[in-house]
Every structure is written in C-alpha cells, then in structure tokens.
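Protein chains: 2
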Amino acid sequence: MLSLRLTSFTHLLSPPSSAAIARRSRAILRRRHHLRQRPLAASFSAQSATAETQDRVNNSKNRVPEQVITPRSQDFNAWYLDVIANAELADYGPVRGTMVIRPYGYAIWEAIQEYLNVKFKETGHSNMYFPQFIPYSFIEKEASHVEGFSPELALVTIGGGKELEEKLVVRPTSETIVNHMFTQWIHSYRDLPLLINQWANVTRWEMRTKPFVRTLEFLWQEGHTAHATPEEAEDEAIQMIDIYTRFAYEQAAIPVITGRKSKVETFAGACKTYTIEAMMGDKKALQAGTSHNLGQNFSRAFGTQFTDENGVREHIWQTSWAISTRFVGGIIMTHGDDAGLMLPPKIAPIQVVIVPIWKKDDEKAAVLNAALIVKDVLQKSGIRVKLDDSDQRTPGWKFNFWEMKGVPLRIEIGPRDVASGSVVISRRDIPGKQGKVFGISMEPSNLEAYVKDKLDEIQSSLLERAIAFRDSNIVDVSTYSDLKAAISEGKWARGPWSASDEDELKVKEETGATIRCFPFEQPQGIKTCLMTGNPAEEVAIFAKSY
Amino acid sequence: MLSLRLTSFTHLLSPPSSAAIARRSRAILRRRHHLRQRPLAASFSAQSATAETQDRVNNSKNRVPEQVITPRSQDFNAWYLDVIANAELADYGPVRGTMVIRPYGYAIWEAIQEYLNVKFKETGHSNMYFPQFIPYSFIEKEASHVEGFSPELALVTIGGGKELEEKLVVRPTSETIVNHMFTQWIHSYRDLPLLINQWANVTRWEMRTKPFVRTLEFLWQEGHTAHATPEEAEDEAIQMIDIYTRFAYEQAAIPVITGRKSKVETFAGACKTYTIEAMMGDKKALQAGTSHNLGQNFSRAFGTQFTDENGVREHIWQTSWAISTRFVGGIIMTHGDDAGLMLPPKIAPIQVVIVPIWKKDDEKAAVLNAALIVKDVLQKSGIRVKLDDSDQRTPGWKFNFWEMKGVPLRIEIGPRDVASGSVVISRRDIPGKQGKVFGISMEPSNLEAYVKDKLDEIQSSLLERAIAFRDSNIVDVSTYSDLKAAISEGKWARGPWSASDEDELKVKEETGATIRCFPFEQPQGIKTCLMTGNPAEEVAIFAKSY
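Protein chains in written order, with my numbering: chain A, 3 to 548; chain B, 3 to 548.
Think of the hints as simulated: they come from the structure by calculation, not from any bench. Take these hints with a grain of salt, some might be off.
A pair holds if it fits inside one copy or across any two, identical chains being indistinguishable in the list.
Capping the alpha-carbon separation at 25 Å, the derived lysine to any residue pairs in SDA-like fashion look like this [to be verified]:
| id | residue 1 | residue 2 |
| --- | --- | --- |
| 1 | Lys510 | Gln115 |
| 2 | Lys123 | Gln253 |
| 3 | Lys265 | Gly423 |
| 4 | Lys164 | Ala270 |
| 5 | Lys361 | Ile476 |
Given the structure is predicted, the values throughout are model-derived calculations rather than measurements.
Take the sequences, apply the hints, and build the full model.
Structure (structure tokens):
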C-alpha cells in the first residue's frame with residue numbers, strides 16, 4: 003500500500019525531508035505487484051532505533067525493492083515519468099501542463115545555470131531583466147514571429163479588477179520587448195555591440211506537454227545581442243551555439259550534433275537558426291538549445307537603428323539564443339537506465355553518497371565516525387558529497403534510492419572497512435560487482451585522488467557510451483526509401499538534401515521525421531539529393547523528435 | 003542638446019556599451035541649462051584618437067559636467083529617478099508600472115542574491131520552482147488572503163486562443179500553490195520540517211508605481227516552510243528576519259529596525275509579520291523585507307495535514323519570507339547623495355575604478371601599462387575592479403560618471419604617479435580633497451592591503467552615517483500631539499502603544515503615518531499608551547512610508 007514511501011530521508015543539499023509523495027501514486031499503483039518491500043506501517047513503527055536497525059539489516063535482502071520503475075526498454079515514456087517521480091525531480095502543477103521543479107531537479111538546473119552564466123559573462127554578456135508582460139501589438143509587428151507564436155499565447159486581459167484596454171502577452175520569448183528597449187538605448191555604432199542575457203520564465207500554451215521537455219511555463223536563459231554588421235551577428239550566433247555544444251559535451255556528457263536548421267524549422271523571426279540536437283535513449287531527437295541569427299527582421303519591424311561611422315542610419319543586426327529546463331529532460335533521457343537517473347559527475351548535485359553499514363550497535367559509532375571523516379575529506383577537496391546516516395532505512399534500500407537519484411559514486415563503509423582503514427566504492431554507471439572496488443584506503447590524499455579520478459572516468463565513460471549509442475543509430479542514406487527504412491527502425495537518417503520545403507514537409511507527413519539540422523560536420527565528396535537526385539551541397543539529418 | 007549622452011563607454015562588467023539613452027531625456031531636458039559639456043556632435047566627431055584625446059584633456063576643466071541630476075535636498079523623488087536613469091539602473095517598460103532592470107541595477111540584485119542564497123542553503127533551505135499560474139479558486143481559499151490580494155491581481159483569461167474555463171492568477175505570492183503541493187508531499191512528522199525557497203517574478207497590479215520600490219512585476223525570493231509545531235514555525239520566522247537584518251546591516255549598510263507588524267499591517271493570511279524597516283534619505287520608511295508566521299491559516303484552508311508521533315492528524319505550521327528588488331531602491335535612497343548613487347563596497351558591482359590620466363601621447367603607454375598592472379593586482383586579490391581606459395572621455399568626465407554610479411573607490415594614475423611608483427586614491431563617500439590621498443605605493447602587497455582597508459572603512463562609515471541619520475530622526479513621544487508634531491516634521495515617532503486598530507487607522511488618517519513595527523529592541527520601564535493612557539507593553543514606531 004504505502005510501500006513506496008521512499009522519501010523520509012531524502013534530505014539532500016538539506017532539502018525537504020518530504021515524503022512518500024502522492025503524485026507518485028499513479029506509477030506506484032501500476033507497479034504495486036512488483037514490490038516486495040514490507041509495508042511502511044512496520045518500518046515506521048515505534049521500535050527502538052537499535053532493534054529496528056538490526057532488524058532492518060538482518061532482513062535487508064528481503065526488503066530491498068526490486069525494480070520500482072517501469073523498465074526503460076518496456077515503455078520509454080512511462081520509464082521517463084517514473085524516473086522523474088521517483089528521483090523527485092518534478093511534479094505536476096495544478097494547472098494543466100505546468101510543472102513544479104523539486105529541489106533535486108532544480109539543483110540540476112542550478113548546475114546548468116552556474117556553468118553557462120560564467121561563460122556568458124566571460125564572453126562579454128551582462129544579465130538584466132525585462133518585464134514579462136508584452137503589449138499584444140508588439141507581437142504583431144514581426145510577421146513570421148506573430149504567425150509562429152500567436153497560437154501559443156497566454157493573455158492577461160484583466161488587471162486590478164478591470165478589463166485592460168490592450169491585452170498583454172505573457173512572454174513566450176522576448177525579442178519584441180527587447181527590440182522596443184534597444185530602440186531607446188542604441189543610437190550610434192559606439193553603442194554596439196550590445197550583449198545581454200536574462201534568466202527568466204516563459205509561457206507557451208502547448209497542447210501536448212511532458213515534464214521538462216515541453217511545459218506550459220518553463221525556465222530558460224535568453225540572450226539578445228545587437229551588432230553593427232551582419233558578420234558580427236553571425237559570429238555571435240555561432241559563438242553561442244559553440245558554447246552550448248561545449249556545455250553539452252563537457253558538462254552534460256551529451257554528444258549533441260550541432261548544425262543549422264532548415265528554412266522550415268527556423269525560429270519564427272530568424273534568418274538562420276543553429277541548433278544542438280541530442281539523441282535520447284529511445285533514439286528520438288531533442289532540440290536542446292538554439293542560437294538564432296535574426297538579421298534585421300526585428301530591427302526593421304521595430305525601427306531599431308544606429309548611426310554608423312559614416313553618419314549613415316542603419317538597422318542593427320541581431321541574435322538571440324536560449325537553453326531551457328528542457329535540457330534537464332535531455333539529461334534524464336540520455337543517461338538514465340532501468341535503475342533510474344544517471345548523472346554526469348560535473349552536473350550532479352551530489353557526486354558521492356556515503357552509506358555507512360553496521361549490524362551491531364557497538365559498531366555504529368566507529369562506522370559513523372569514519373564516514374564523517376571521509377565526508378569531510380571529500381568535501382574539503384571540493385567534491386559534492388552526501389552522508390546518508392539515516393537510521394530509518396537499510397543499506398540496501400539506500401543503495402537503490404541513490405542509484406535512482408543517479409549519484410555517480412557510492413562509498414560504503416562497514417565495520418571491517420573501518421578496521422582495515424579502507425572503503426568500498428561503487429560506480430553508478432557500472433552495475434553490480436563489476437562496478438565495485440574493495441579496499442580503497444581511507445588515507446585522505448589517496449582517497450581524494452581516487453574519487454576524483456573515478457568521477458573523471460565516469461564523466462568520460464558516459465560521454466563515450468552516448469557517442470557510441472548515437473553513432474550506431476545514425477544511418478547514412480542516399481535514397482528516400484533508405485530514409486524511410488531508417489526512420490521506421492527508429493533511427494536517424496543522414497543524407498544529402500537540396501530538395502524543396504514541400505518535399506521536406508512530405509517527409510514529415512509520410513515518416514514523422516523532420517530535418518533536425520544540416521550538421522556543421524559534413525562529409526567530403528560529391529553529394530546527390532536523396533529525394534530529387536539533384537546535386538546537394540550538404541547532408542541533413544532526419545529524425546523523429548520531441 | 004545631446005550633451006548628456008554619457009554612455010558610450012559605460013562597459014562595466016562587460017556590459018552593453020549602451021548609449022545615451024532616451025529615457026534620460028525627461029530629466030535631461032529639465033536640467034539642460036546646468037550643463038557645460040560641449041555638444042556630443044563635437045566629441046563624437048571623426049578626429050584621430052590622439053588629437054581628440056589631447057584636445058579633450060586640454061579642455062577637460064571646461065568639459066566636466068556640473069550637477070547633472072536634481073539635488074537630493076531639492077526634490078527627493080526627482081533625484082531618485084535621476085539617479086536611476088543616470089546610473090543606468092533601470093528603465094520604464096512599455097506596460098505601465100513595469101520596469102526593465104538594466105545590467106548595473108541587475109548586478110546589485112545579483113549581489114543580494116549571492117549573499118542570501120548562501121545563507122538560505124546554510125540554514126537548510128533548498129531552491130525549487132513553482133508555476134506562476136495559480137487557479138483563481140486557490141486564491142479564494144484563505145479568507146484574508148483573497149481580501150488582501152484580489153484587488154491587485156493580473157488574470158490570464160485566454161490561453162492558446164481560447165477562453166479558459168477557470169481564470170488563472172499570475173502569482174502575486176505563492177502561499178496558495180505551495181500549500182496545494184505541500185498537501186501532496188507532507189504526510190508524516192518525518193516529512194517535517196520542509197524548507198524551501200524560490201527566486202521568481204511576481205505580479206501585483208499596483209496603481210501608484212515607482213522604479214524598484216513598487217512595480218507591477220518585481221523579482222524576489224520567497225521562502226516557504228512547514229513545521230510540526232508552532233514553536234518551530236515561530237523560530238523559523240525569527241531566524242529568517244534575523245538573516246535579513248544581518249544582510250541589511252553587514253552587506254547593504256542599512257541600519258534597519260527589526261520588529262513585529264501591528265495586526266492592521268500584518269500580511270494577508272499571516273498570524274504574525276516580522277519586518278525590517280529602513281529609513282530612507284527623505285526619512286520615509288521602507289519595508290525592506292518581511293517574514294511571516296502563517297500559523298495554520300493556510301494549512302487549514304488547504305487541508306495540509308501530517309500524522310504526528312502519536313498517530314494524530316494535525317495541520318502543519320508554516321512560515322513565508324521575502325526580499326525583493328525593492329531592496330535596490332532602499333540602497334539608492336539610503337546612501338545616495340547629490341553626486342548620485344553611493345554603494346556599500348560589499349554589494350558594489352564595481353568596488354574600485356581605475357582612471358588613467360595622460361596629457362601627451364608619449365605618456366599614454368606608460369600610464370596604461372601601470373593601470374593594467376594595478377588592475378591585475380587588485381583583481382587577483384578578489385577585488386571587483388574596472389579600468390576605464392576609454393579614449394573618448396576626459397578624466398574629469400569619468401570621475402563624475404563613476405561617482406554617479408556609486409563606485410566606492412577611485413584610483414587615479416598619471417605620468418607623475420608612474421614615475422614615483424604610486425597612485426592617488428579617492429573615496430566616493432568623502433567628496434573632494436578630503437577624500438583623496440596621494441602617493442599610495444603601487445607595490446602590490448601595500449596597494450592590496452590599503453585598498454581592502456579603505457573598502458572596509460567605507461563599508462563601516464556608510465553604516466555609521468546611516469545609523470546617526472536614523473537615530474537623529476527618531477523622536478520618542480509620549481502623547482498623540484507629540485506624535486503628530488514628530489510626523490509633521492517628517493520624523494519617525496516612537497512611543498508606547500496599546501490602543502485599538504481603530505485608533506491606529508485614525509493616526510494614519512490624521513497624520514499619514516502608520517505603525518512600521520513594534521521593534522524587537524524595547525526600552526525598559528513602565529509604559530503608558532500615548533493614545534489612551536492605558537498601560538502599554540511595547541513602544542511602536544510610527545512613520546510615513548513608501
């Protein structure tokens with residue numbers, strides 16, 4: 003019944019000790035028969051800690067839950083939702099399509115923010131904040147922008163008890179209000195480049211939503227820049243997609259494919275859209291970040307001009323670029339497995355969890371003392387470490403719980419380890435005995451070096467694994483029937499493309515796949531369009547996507 | 003005409019090189035006759051940099067603007083708006099009452115965030131994120147909450163092109179949605195305390211707005227906690243107002259008075275509201291942060307219950323607490339003077355500005371080289387330093403500009419300083435020659451120590467000055483006529499109070515002053531209510547407020 007109340011001691015980063023969590027009930031109800039955990043009523047009974055501890059350890063084998071989530075291979079979507087619920091990443095909000103980002107999920111977003119915020123500042127951008135309410139008339143000024151966004155708008159029509167004269171759009175993105183302000187700030191070429199960013203919430207009235215991947219409201223950063231020349235704007239757009247690419251590879255261990263969107267898939271209002279496309283565990287593509295060269299589309303619509311060095315009035319050249327909480331979904335779906343989430347060490351809120359193990363009461367103090375020392379050593383060397391010294395669960399339960407949370411390394415310390423001055427270390431990315439090493443000396447410099455080394459190894463290993471998965475699931479195609487075959491197998495198809503927008507839409511209709519991008523990395527040699535047989539300058543990648 | 007286009011080289015923290023800024027025009031137009039700067043057309047002419055530089059330096063005395071803002075003593079409100087415009091802190095958004103927070107203003111907010119975010123985590127709170135759209139029915143659940151907030155709501159009535167079945171409130175605060183989620187997360191006493199915080203935007207449809215102080219949308223953090231006992235909730239509410247108090251004193255150099263709100267002034271839905279009240283330069287009070295003991299008001303309205311250690315179902319005890327971008331307004335109005343903004347070093351985005359000075363072209367390289375070395379030395383020791391090496395303005399202009407921006411210390415380096423291996427250092431808080439010290443050795447360890455010492459001195463000095471100002475403007479009163487006299491002089495009145503809510507409202511009606519708080523620090527001895535002559539347990543502070 004209440005058997006899945008995992009949560010009473012999920013204090014991490016000193017979080018809500020939050021409980022059982024009703025929102026898990028859907029998934030739980032579906033899977034109750036999987037579970038062998040004894041009812042919560044028993045484990046929450048008022049036994050003495052000691053008796054309870056012994057009892058728990060003695061029975062630990064019986065009490066470790068089996069799979070508490072849907073296997074990934076069985077139902078990828080159900081698995082994804084189960085991981086989000088069980089790893090306590092997010093919850094549904096009361097309004098359809100909205101999401102509450104819980105502390106553990108938010109901590110992943112904070113890791114993304116911390117890295118990118120530094121990179122943005124290093125490349126000369128300043129943070130600022132624009133209001134989220136945009137007069138409706140602004141949205142209408144750029145023709146393709148209004149066409150792209152008007153079906154998705156949330157509109158404020160009543161303020162302070164009165165019907166408003168002009169409806170207000172809750173920002174779906176800020177190009178229009180940014181241009182309104184740029185027009186006031188930019189006068190001369192000396193005011194350029196103007197490089198800004200904001201961390202904000204945005205609202206898009208999506209019909210089909212999915213936690214992190216597509217929600218009615220989401221968090222993101224949106225960069226907006228203004229330049230004196232088209233070349234500078236292009237360089238900026240490329241610079242920012244490069245920063246996203248590096249972030250994806252080096253921090254998130256996601257081997258995205260970076261490229262240019264087709265005209266059909268270009269952002270509403272942009273000249274060119276660059277994108278990073280990530281292959282999820284079900285081989286669907288996720289657009290994980292975009293950088294737009296907006297040309298003069300918005301500056302012409304808003305009259306954003308500057309006086310150049312020769313005294314001539316010109317429209318500014320612009321870019322915008324964004325990464326959102328969607329990226330958290332990408333991390334889950336790239337690395338997760340049947341045991342739950344698997345986090346790359348660089349963005350893991352907790353990199354190492356220490357689980358102390360004792361059977362007898364007289365062992366407890368020594369074990370906990372050693373665990374505290376180990377925690378201290380690692381913490382001082384800058385490792386994000388959590389000691390799960392809770393009395394209320396068995397070590398086995400804790401193993402599963404922190405595996406579900408995707409913590410890269412687990413350190414186990416029992417009485418024998420204390421006696422020998424060593425610990426046992428298990429890798430999240432290598433299940434079972436294979437990932438377990440015994441007898442690692444507790445000696446601080448040794449332990450610190452070992453752990454750092456292992457974290458680096460895991461980081462690389464996750465990336466390599468994801469690259470191998472990606473590459474084994476991209477098929478080079480030279481005809482449309484090849485393409486259809488590849489897509490029907492659920493793979494990505496890469497082939498030369500110079501056909502029309504209509505042909506592109508036909509592919510979408512017939513296969514469900516879209517052009518994800520024309521990748522920056524292009525094969526050498528003569529290319530012939532897979533659809534028309536005409537010469538083609540580039541290969542495109544087609545895939546089904548989120 | 004365009005004479006006040008200060009902005010071409012206001013790159014700070016690598017910001018928008020943003021310009022002249024039309025929004026300054028109002029203030030500028032009003033004050034054009036004050037200015038002696040030569041027209042921008044000339045300073046922006048296409049002379050060679052060298053010729054221009056010499057010309058500029060030669061004419062520097064004539065070209066330094068005088069007061070470019072309304073004197074504070076003359077019109078406090080106009081001064082405030084001028085500082086915000088000229089120090090490039092914020093701009094008006096296109097929707098009435100909204101504000102664009104510009105990079106320099108946002109950097110102050112980031113300094114506030116950085117400090118508080120660490121303190122919140124140290125005290126066990128986790129960040130998370132709740133959706134901003136709240137079903138209208140939620141707001142109606144807590145009686146006094148709906149009464150307090152319903153006049154200020156912005157309502158979304160259309161989403162995705164369709165009229166919504168239930169109107170959505172754009173969050174004015176999140177107690178209701180937080181309780182909706184708490185009800186799902188909290189089951190047992192083991193789930194408590196639950197300690198969370200979010201950094202978010204909020205919307206209140208205010209009629210009379212003022213940048214930073216009261217805007218239709220603003221940024222804040224809102225903490226929300228749930229506890230098993232009323233004592234724990236009370237302790238939490240006190241702990242958080244203490245953190246705010248320490249932040250105000252130690253970081254912002256604002257000597258707030260901390261206390262409890264009267265029943266009339268208590269937050270809509272709270273049992274008790276604690277507040278930090280700051281005295282602005284015009285002696286009006288600013289409520290700069292609040293912490294609420296919500297008791298069981300929301301948990302009863304939302305049915306948020308837990309099972310206690312004895313198996314009994316109880317409603318949780320809650321708190322909420324917030325500081326917002328309003329605090330930036332408080333910093334401006336506490337420390338600013340006729341020369342503009344004055345920032346306490348601990349929250350100044352730029353703590354030290356270096357202004358190199360040269361007359362002849364052959365001096366330039368040596369001066370700039372020395373300036374770069376000084377910058378490097380300070381930066382490496384963790385000081386936030388900006389080198390204003392722009393070719394386009396005179397040193398005098400730069401002095402004024404960075405004084406306007408409130409930078410605590412200025413380092414001047416000219417050819418003679420280079421020759422003697424020393425620099426000149428000026429304090430923002432002590433104008434003219436008195437704040438200027440010549441011949442400080444450039445030797446790194448000496449310079450670093452001197453600068454750090456001076457920054458500490460300025461930090462203390464700003465606080466001491468504000469304390470003296472505050473204390474000289476609080477009048478102890480023992481009768482209502484004393485109170486009226488004090489308020490009519492623009493001062494704060496402190497006197498014993500045990501009268502009714504009606505009496506409190508009468509004071510407001512007759513004097514414009516409200517009870518700001520019953521301060522935590524209370525005088526000893528027997529007290530008699532200034533209004534009724536009845537015994538009183540506490541003194542209250544009355545003041546006009548923002």
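- Query: When no copy is specified for Lys361 and Ile476, does a C-alpha distance of 25 Å or less occur within a copy, between copies, both, or neither?
  - Reply: Neither: 51 Å inside a chain and 65 Å across chains, both beyond 25 Å.
- Message: One pair to classify: Lys510 and Gln115, alpha carbons no more than 25 Å apart. Within, between, both, or neither?
- Response: neither (34 Å within a copy, 46 Å between copies)
- Can you tell me if Lys265 and Gly423 fall within 25 Å by alpha carbon in one copy, between copies, both or neither? neither (63 Å within a copy, 61 Å between copies)
- Task: Using 25 Å as the alpha carbon limit, work out where Lys164 and Ala270 are close: within a copy, between copies, both or neither.
- Result: between (33 Å within a copy, 22 Å between copies)
- Item | Intra- versus inter-subunit Cα pairing at 25 Å for Lys123 with Gln253 | This pair counts as both: shortest intra-copy Cα distance 18 Å, inter-copy 24 Å.
Hints 1, 3, 5 from the earlier list are contradicted by this structure; the remaining hints agree with it.
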